[in-house]
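Asker: Now for the letters of each chain:
2 protein chains.
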Amino acid sequence: MFETDLIRRLNIQFPIIQAPMAGGPATSKLIAEVSNAGGLGSLGAAYLTPETLRSTIQEIRQLTKQPFGVNLFVPEDATESQATIEKMTAYLNKYRTELGIKENPSINIATESFEEQVQVLIEEKVPVVSFTFGIPSKEVIQALKNQGTLVIGTATIVEEAKQLESAGVDAIVAQGSEAGGHRGTFLSNKADSLIGTMALVPQIVDQVSIPVIASGGIMDGRGLVASLTLGASAVQMGTAFLASVESGAHRVYKLTILSANEDSTAITRAYSGKAARGIQTTFMQEMDQYAGAIPAFPIQNAMTRDIRQAAAKTNNPEYMSLWAGQGLRLATDHSAGAIVKQTMSQAHALLGNMLKLKDKSEEIL
Amino acid sequence: MFETDLIRRLNIQFPIIQAPMAGGPATSKLIAEVSNAGGLGSLGAAYLTPETLRSTIQEIRQLTKQPFGVNLFVPEDATESQATIEKMTAYLNKYRTELGIKENPSINIATESFEEQVQVLIEEKVPVVSFTFGIPSKEVIQALKNQGTLVIGTATIVEEAKQLESAGVDAIVAQGSEAGGHRGTFLSNKADSLIGTMALVPQIVDQVSIPVIASGGIMDGRGLVASLTLGASAVQMGTAFLASVESGAHRVYKLTILSANEDSTAITRAYSGKAARGIQTTFMQEMDQYAGAIPAFPIQNAMTRDIRQAAAKTNNPEYMSLWAGQGLRLATDHSAGAIVKQTMSQAHALLGNMLKLKDKSEEIL
Numbered sequence: 353m354f355e356t357d358l359i360r361r362l363n364i365q366f367p368i369i370q371a372p373m374a375g376g377p378a379t380s381k382l383i384a385e386v387s388n389a390g391g392l393g394s395l396g397a398a399y400l401t402p403e404t405l406r407s408t409i410q411e412i413r414q415l416t417k418q419p420f421g422v423n424l425f426v427p428e429d430a431t432e433s434q435a436t437i438e439k440m441t442a443y444l445n446k447y448r449t450e451l452g453i454k455e456n457p458s459i460n461i462a463t464e465s466f467e468e469q470v471q472v473l474i475e476e477k478v479p480v481v482s483f484t485f486g487i488p489s490k491e492v493i494q495a496l497k498n499q500g501t502l503v504i505g506t507a508t509i510v511e512e513a514k515q516l517e518s519a520g521v522d523a524i525v526a527q528g529s530e531a532g533g534h535r536g537t538f539l540s541n542k543a544d545s546l547i548g549t550m551a552l553v554p555q556i557v558d559q560v561s562i563p564v565i566a567s568g569g570i571m572d573g574r575g576l577v578a579s580l581t582l583g584a585s586a587v588q589m590g591t592a593f594l595a596s597v598e599s600g601a602h603r604v605y606k607l608t609i610l611s612a613n614e615d616s617t618a619i620t621r622a623y624s625g626k627a628a629r630g631i632q633t634t635f636m637q638e639m640d641q642y643a644g645a646i647p648a649f650p651i652q653n654a655m656t657r658d659i660r661q662a663a664a665k666t667n668n669p670e671y672m673s674l675w676a677g678q679g680l681r682l683a684t685d686h687s688a689g690a691i692v693k694q695t696m697s698q699a700h701a702l703l704g705n706m707l708k709l710k711d712k713s714e715e716i717l
Numbered sequence: 353m354f355e356t357d358l359i360r361r362l363n364i365q366f367p368i369i370q371a372p373m374a375g376g377p378a379t380s381k382l383i384a385e386v387s388n389a390g391g392l393g394s395l396g397a398a399y400l401t402p403e404t405l406r407s408t409i410q411e412i413r414q415l416t417k418q419p420f421g422v423n424l425f426v427p428e429d430a431t432e433s434q435a436t437i438e439k440m441t442a443y444l445n446k447y448r449t450e451l452g453i454k455e456n457p458s459i460n461i462a463t464e465s466f467e468e469q470v471q472v473l474i475e476e477k478v479p480v481v482s483f484t485f486g487i488p489s490k491e492v493i494q495a496l497k498n499q500g501t502l503v504i505g506t507a508t509i510v511e512e513a514k515q516l517e518s519a520g521v522d523a524i525v526a527q528g529s530e531a532g533g534h535r536g537t538f539l540s541n542k543a544d545s546l547i548g549t550m551a552l553v554p555q556i557v558d559q560v561s562i563p564v565i566a567s568g569g570i571m572d573g574r575g576l577v578a579s580l581t582l583g584a585s586a587v588q589m590g591t592a593f594l595a596s597v598e599s600g601a602h603r604v605y606k607l608t609i610l611s612a613n614e615d616s617t618a619i620t621r622a623y624s625g626k627a628a629r630g631i632q633t634t635f636m637q638e639m640d641q642y643a644g645a646i647p648a649f650p651i652q653n654a655m656t657r658d659i660r661q662a663a664a665k666t667n668n669p670e671y672m673s674l675w676a677g678q679g680l681r682l683a684t685d686h687s688a689g690a691i692v693k694q695t696m697s698q699a700h701a702l703l704g705n706m707l708k709l710k711d712k713s714e715e716i717l
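Protein chains in written order, with my numbering: chain A, 353 to 717; chain B, 353 to 717.
One chain only, chain A, in its complex shape:
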């Protein structure tokens, strides 16, 4: 359990990876706290400039001597007609008026340069790099592996896992439908598959020969041992850390997490243009009624940024993106290190019970 091949290669103590959670929650403090506790902290760097990415990596290294990971989004070209963009701009103005911010803002849809981000990760010799939304080029994967970086891909169906393995990644995150935040799905016709973790993990494990990391609805020692039982070599937990002391999530976001239930979330494209699971908000519900087409990611993400930021400033959760998974009732406000330790001791106790069960099973089988 604590010595799977993957854990040895990650050079960490416990099979717990903190989900990257781009956009705020995964602070250097959170990442270092998880890594110092024996897990693997991860930085969601998709929205960071190469400069900020580099300085954050150096900041993390000042807080921990342990390994950590960095996650990037594989870029996709998105174009939308002027009409689609103008219609959405007009629709969004209603929220801008309400929030007292400028209407028809000039939207900068330019994203950070993936190549420059990768270059920083290579130069900084980051121990673990994971990718979401696709398969990086064999050159990128090879360049990272050549210097000893462990490369992880994200799959939501078996076929994505197979393609990632062929591309040469070292391990695969199997993202179940329970997971919070953006769906990693990159085979475009499969966006609605939403395979639950219980079904997804064993089917991917059977179809690839590299280690699988279970994610989606895993909140404590029960989810950890269950995932290892399904054949996973480790788990990735995000929602479990969202309201932790070291999380950078907005105070209102944390309070919402701690009061939400398993059925408080929904899948939406309202905020970013890409399917993601978050706590249901007025913004999501109203966008469900939107007559036009929602611009693709990252365009819609850029178009709603000023609204999300203004909502955060005024502590208004209804217009903020409150990414979260379906394990919400099990979220706590403990420190991230305590969450890692509690998860491991619960897992340890469960193994003790399993032992008793085995003795009983001897009598029967």
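Since the hints were derived computationally from the structure, they do not count as laboratory data. None of these values were measured; they are calculated from a predicted model. Do not rely on the hints blindly, as some may be mistaken.
For identical chains, the list gives no copy identity; a pair is met inside one copy or between any two copies.
20 angstroms max Cα-Cα, derived SDA-like pairs, lysine to any residue [claimed, not checked]: (1) Lys-708 / Ser-697; (2) Lys-446 / Ala-664; (3) Lys-514 / Ser-611; (4) Lys-381 / Ser-687; (5) Lys-514 / Ala-612; (6) Lys-477 / Thr-401; (7) Lys-542 / Ser-611; (8) Lys-490 / Ala-690; (9) Lys-381 / Val-597.
Got chain A; can you put chain B on it based on the hints?
Answerer: For chain B alone, coordinates are given in the frame of chain A:
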């Protein structure tokens, strides 16, 4: 593992319940085979007349001396406007023409009498009775319990589980989003919740004091041990038995199951008016484009019956309801008894590995 309180009360050997699967798959042979192998076979009796229900129970008793279960649907009143029904009738005629059956058939939407079905279960002293789509009256639950019947309810969110416990059921099936067939959801505004098994089971276990039965995506010993780890006292498996030797599923249905993948299913109201998970078909895809409102269950179920039956006669899976869960790659055509035994020996072997893991964990924690 094999001696949870629930298993003792069910008086069975292994914590494996075969899902009722109303409408064909759960034959007396399948039920008896599962019960004789040490699990609990279950009859999906929702669509059976009181007479057929009684004779089927007697048939099962001739095939096994072991306990078995019977599942009923808690009835709901559904009414639809003449316009809605006429529009759907006209739409469905296109399939009737193609299948060469009579257009505008007179639809009998009358369902079997729930009271009479319950009366039969009481008279026949059925060991286990489970309910789906709601909470039976306290009188019905008490009448069954008074004669020693173990009563099980079905929940898809925590709140449904709490209400079932208050009503007095003995145990709860926690139906995760991976599950095939009809969603048991009965709190009407929660139909889209679709909580994955990994997230649902521990959250329900924490909120009720009665035993929980995990269902949804559980296909083998890995899913069984994982579910027990999450706090379940047993599992309910349906898709795992659908293509088994003793299953009454149509030959074409079985072949489709054995060739389908984890992402072959979708949630649809096309066949019955109630949300259910099945392998994607032309009928489902075309109904997604249907302009009008789909009549509620059981009206739509009655309106599509002649089409499903004609499709089955002509071995046309595209117009049949192919209910199935997301664990499809793990389905086999073995005998149901072998599936129970294979699941248990795999579970037993997994416990052996857990034991090794525990020894390792000793060194660390």
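Asker: Determine for every hint whether it applies to the structure shown.
Answerer: Outcome of the hint check:
Proximity of Lys-708 and Ser-697 under a CA criterion of 20 angstroms is satisfied in both settings, with 17 angstroms inside one chain copy and 16 angstroms between copies. With identical chains, the CA atoms of Lys-446 and Ala-664 are at most 20 angstroms apart within one copy only, with a shortest distance of 17 angstroms there and 53 angstroms across copies. Taking the shortest Cα distances, Lys-514 and Ser-611 sit within 20 angstroms of each other only across copies (18 angstroms), while inside one copy they are farther apart (38 angstroms). In this assembly of identical chains, Lys-381 and Ser-687 lie within 20 angstroms of each other by CA distance solely inside one copy; the values are 10 angstroms within and 55 angstroms between copies.
Within a single copy, Lys-514 and Ala-612 get their C-alpha atoms only as close as 35 angstroms, which misses the 20 angstroms cut-off; across copies the closest is 17 angstroms, which meets it. In this assembly of identical chains, the alpha carbons of Lys-477 and Thr-401 lie at most 20 angstroms apart only when taken from the same copy (17 angstroms versus 70 angstroms across copies). With identical chains, the CA atoms of Lys-542 and Ser-611 are at most 20 angstroms apart between copies only, with a shortest distance of 18 angstroms across copies and 32 angstroms within one. With identical chains, the CA atoms of Lys-490 and Ala-690 are never at most 20 angstroms apart, being 38 angstroms at best within one copy and 44 angstroms at best between copies.
For the identical chains of this complex, Lys-381 and Val-597 are intra-copy neighbours only, at 9 angstroms inside a copy versus 57 angstroms across copies, given an alpha-carbon limit of 20 angstroms.
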